[in-house]
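Student: Sequence:
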Amino acid sequence: DGSTPATTVSLAGGEWYFHVKARSGAGLWSGVVTRRVRVDAGTPSISGLACSPHASESAWYASTDPTFTWSASSGASPVTGFSWALDHATGTVPDTSVDGTQPTRSYSAVADGVWYFHVRAVDGAGRWGGAAHRCIRIDTSQPWMTSLTSTSHPSETEWCAGAEVRGANFNSYNPGTGI
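The numbers in the sequence shown follow this note's numbering, run straight up by one, and end at 183.
Think of the hints as simulated: they come from the structure by calculation, not from any bench. Ideal Cβ positions, reconstructed from N, Cα and C, are used throughout, including at glycine.
Just the calculated beta-carbon pair ranges, DEER-fashion:
#1 77 <-> 31: 44 to 52 Å
#2 10 <-> 91: 42 to 50 Å
#3 95 <-> 146: 27 to 35 Å
#4 54 <-> 164: 49 to 57 Å
#5 41 <-> 116: 51 to 59 Å
#6 77 <-> 14: 17 to 25 Å
#7 169 <-> 147: 20 to 28 Å
#8 103 <-> 169: 53 to 61 Å
Produce the complete structure using the sequences and hints provided.
Tutor: And the structure:
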């Protein structure tokens, strides 16, 4: 009669196959029709986000050419792309436009300051995962030494009897890192 009964089935992640055949009112059977269904129940995630040569998030580096690398995993469907951003905010979530398909991103001539790299992944089912974040600190400015003094040898023009120099003090300034 041309009716198409509908059935709802909840499936776990993976590949599933439906095999269906019809029976007529006279008891005759059709051939089997098979339909594959691919279910991805997980969302992609980023792990191992690192930056070269900026090995430590709390240290300052003179390099202005950071390269970020990471690993990605997903549920049943593979990771198909990444979206990323580099800015001064700690919690930026990149948009849902694919910027690349490889788990690496390099920049050149990044200005001095504290920067945050943000990355997220999308899987073959079109689902975006949460963002991972990595801080880098760039300082290419040279520090200035403004003074150097000693309590045991207070004058540079006079000879002192003591061989031991005590109370050495210095003043320096670095506009980038604030040494």
